[in-house]
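Asker: The lines below spell out each chain.
Protein chains: 2
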Amino acid sequence: MAQKHTQTCAIASALNIFGDRWTLLIIREAFYGTTRFGDFLKNTQISKNLLTDRLGRLVKDGIMERVEFADRGTNFKYALTEKGLALDVVMVAIQQWSEKQIYGAGNEPVLLTDRSTKAPLQELRITNATGDPISFADVDFAPGPGADKHAQARINEIARPDSEDAP
Amino acid sequence: MAQKHTQTCAIASALNIFGDRWTLLIIREAFYGTTRFGDFLKNTQISKNLLTDRLGRLVKDGIMERVEFADRGTNFKYALTEKGLALDVVMVAIQQWSEKQIYGAGNEPVLLTDRSTKAPLQELRITNATGDPISFADVDFAPGPGADKHAQARINEIARPDSEDAP
Numbered sequence: 007m008a009q010k011h012t013q014t015c016a017i018a019s020a021l022n023i024f025g026d027r028w029t030l031l032i033i034r035e036a037f038y039g040t041t042r043f044g045d046f047l048k049n050t051q052i053s054k055n056l057l058t059d060r061l062g063r064l065v066k067d068g069i070m071e072r073v074e075f076a077d078r079g080t081n082f083k084y085a086l087t088e089k090g091l092a093l094d095v096v097m098v099a100i101q102q103w104s105e106k107q108i109y110g111a112g113n114e115p116v117l118l119t120d121r122s123t124k125a126p127l128q129e130l131r132i133t134n135a136t137g138d139p140i141s142f143a144d145v146d147f148a149p150g151p152g153a154d155k156h157a158q159a160r161i162n163e164i165a166r167p168d169s170e171d172a173p
Numbered sequence: 007m008a009q010k011h012t013q014t015c016a017i018a019s020a021l022n023i024f025g026d027r028w029t030l031l032i033i034r035e036a037f038y039g040t041t042r043f044g045d046f047l048k049n050t051q052i053s054k055n056l057l058t059d060r061l062g063r064l065v066k067d068g069i070m071e072r073v074e075f076a077d078r079g080t081n082f083k084y085a086l087t088e089k090g091l092a093l094d095v096v097m098v099a100i101q102q103w104s105e106k107q108i109y110g111a112g113n114e115p116v117l118l119t120d121r122s123t124k125a126p127l128q129e130l131r132i133t134n135a136t137g138d139p140i141s142f143a144d145v146d147f148a149p150g151p152g153a154d155k156h157a158q159a160r161i162n163e164i165a166r167p168d169s170e171d172a173p
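Chains as they are written, first to last, in the numbering used here: chain A, 7 to 173; chain B, 7 to 173.
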């Protein structure tokens with residue numbers, strides 16, 4: 007697999023975990039309820055070697071855990087950890103983007119609905135602190151407490167002028 | 007780059023576009039306002055060959071467009087298309103997951119805020135049709151109009167029993 011990013015950046019760090027062709031497909035399967043090696047294999051059409059590698063990385067990165075079946079000592083199942091389950095929003099975001107931008111309305115392969123009403127989920131939206139949807143053009147960036155020198159310099163370059171203060 | 011997925015699946019199709027170590031980092035830069043080849047190079051630390059390849063793919067996939075500078079015939083800038091700009095929610099979802107699950111509260115490299123109030127964005131949440139947050143366990147799946155035979159069979163396997171009807 008490709009070399010790791012070393013930048014102090016939330017996107018780069020996430021890509022170190024799932025920035026490849028297969029990992030999010032394995033995670034999709036886990037969200038679909040798949041737990042066994044053979045079922046991941048069948049449902050993603052990945053090769054055995056790649057699946058072994060990716061599941062090992064996911065366990066190492068704390069996204070999945072390998073649980074022994076109580077009754078069968080040589081068998082394991084793979085389950086999302088809390089850190090892995092927290093990727094639900096990322097998965098829905100990708101799903102909704104892809105439905106709209108790749109497949110197009112009326113051509114969705116899968117519909118995500120609310121189990122109790124069967125009505126489709128709402129589209130995820132970026133919202134400000136009071137819950138109002140805002141466009142990305144209204145998002146500003148500031149160096150966070152975890153920014154190193156390089157990240158600070160970079161973020162200060164891109165911080166957007168205040169609309170009022172703008173020249 | 008890895009072979010393409012052929013499954014009829016919104017996640018797989020999205021991974022055919024950005025399922026690698028670099029593409030979302032290039033898109034991050036575009037959201038940060040980067041437009042020039044040399045700036046993408048400097049800010050992502052990617053190699054020239056990979057950047058040329060990835061920008062070419064992004065243009066081919068309709069995520070970015072190459073625009074000629076009016077005054078300099080040999081120079082181009084790269085800008086997100088509407089399809090690319092629609093990835094804003096995906097980027098924020100990954101950012102928020104990574105901040106919380108990798109860096110941890112109080113250790114964020116970058117803060118995303120509302121430009122007009124400087125207050126942090128709200129966390130993206132999965133919501134039902136009436137706007138109430140729901141957990142992923144309450145999300146159900148159904149074959150969509152674009153499902154082929156294989157996708158239909160797969161989704162029917164994972165459709166969740168209605169809470170009321172469950173045995």
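I should point out that these hints are in silico values taken from the structure, not numbers from a laboratory.
Just so it is clear, the structure is predicted and the values come from calculations on it, not from any experiment.
Be aware that a few hints might be false.
Pairs involving identical chains hold if they fit within one copy or between any two copies, as the list cannot separate such chains.
[As the list claims (entries may be wrong)] Taking lysine to aspartate or glutamate and the EDC-like style, the derived pairs with C-alpha atoms no more than 16 angstroms apart in a straight line are:
hint, residue 1, residue 2
1, K124, D146
2, K89, E71
3, K10, D67
4, K83, D45
5, K106, D144
6, K106, D94
7, K48, E88
8, K106, D120
9, K106, E129
10, K124, D138
11, K155, E71
12, K83, E71
13, K89, D67
14, K66, E88
Asker: Measure nothing new, just compare the shortest in-copy and cross-copy C-alpha distances for K48 and E88 to 16 angstroms and report within, between, both or neither.
Answerer: So K48 and E88 fail the 16 angstroms test inside a copy (25 angstroms) and across (35 angstroms) alike.
Asker: At most 16 angstroms between CA atoms: does that hold for K83 and D45 within a copy, between copies, both, or neither?
Answerer: within (10 angstroms within a copy, 45 angstroms between copies)
Asker: One pair to classify: K106 and E129, alpha carbons no more than 16 angstroms apart. Within, between, both, or neither?
Answerer: For K106 and E129, the Cα distance is within 16 angstroms only inside one copy (10 angstroms; across copies 22 angstroms).
Asker: Give the relationship of K124 and D146 under a CA distance limit of 16 angstroms: within one copy only, between copies only, both, or neither.
Answerer: Between copies only: 7 angstroms across chains, 36 angstroms inside a chain, cut-off 16 angstroms.
Asker: With identical chains treated as interchangeable, where does the CA-CA distance between K155 and E71 reach 16 angstroms or less: within a copy, between copies, both, or neither?
Answerer: Close neither inside one copy (35 angstroms) nor across copies (32 angstroms); limit 16 angstroms.
Asker: Can you tell me if K89 and E71 fall within 16 angstroms by alpha carbon in one copy, between copies, both or neither?
Answerer: within (10 angstroms within a copy, 35 angstroms between copies)
Asker: From the Cα coordinates, with 16 angstroms as the cut-off, is the pair K106 and D94 best called within, between, both, or neither?
Answerer: Between. Shortest inter-copy distance 14 angstroms satisfies the 16 angstroms Cα cut-off; intra-copy 18 angstroms does not.
Asker: Could you figure out if K124 and D138 sit no more than 16 angstroms apart (CA to CA) within one copy, between two copies, both or neither?
Answerer: Between. Shortest inter-copy distance 14 angstroms satisfies the 16 angstroms Cα cut-off; intra-copy 26 angstroms does not.
Asker: Under a CA distance limit of 16 angstroms, which applies to K66 and E88: within one copy, between copies, both, or neither?
Answerer: within (14 angstroms within a copy, 37 angstroms between copies)
Asker: My question is about K83 and E71: at a cut-off of 16 angstroms on alpha-carbon distance, are they close within one copy, between copies, both, or neither?
Answerer: within (8 angstroms within a copy, 44 angstroms between copies)
Asker: For the identical chains here, do K10 and D67 meet the 16 angstroms Cα criterion within one copy, between copies, both, or neither?
Answerer: Within one copy only: 13 angstroms inside, 25 angstroms across.
Asker: Under a CA distance limit of 16 angstroms, which applies to K89 and D67: within one copy, between copies, both, or neither?
Answerer: within (9 angstroms within a copy, 31 angstroms between copies)
Hint check: violations occur at hints 5, 7, 8, 11; the rest are consistent with the structure.
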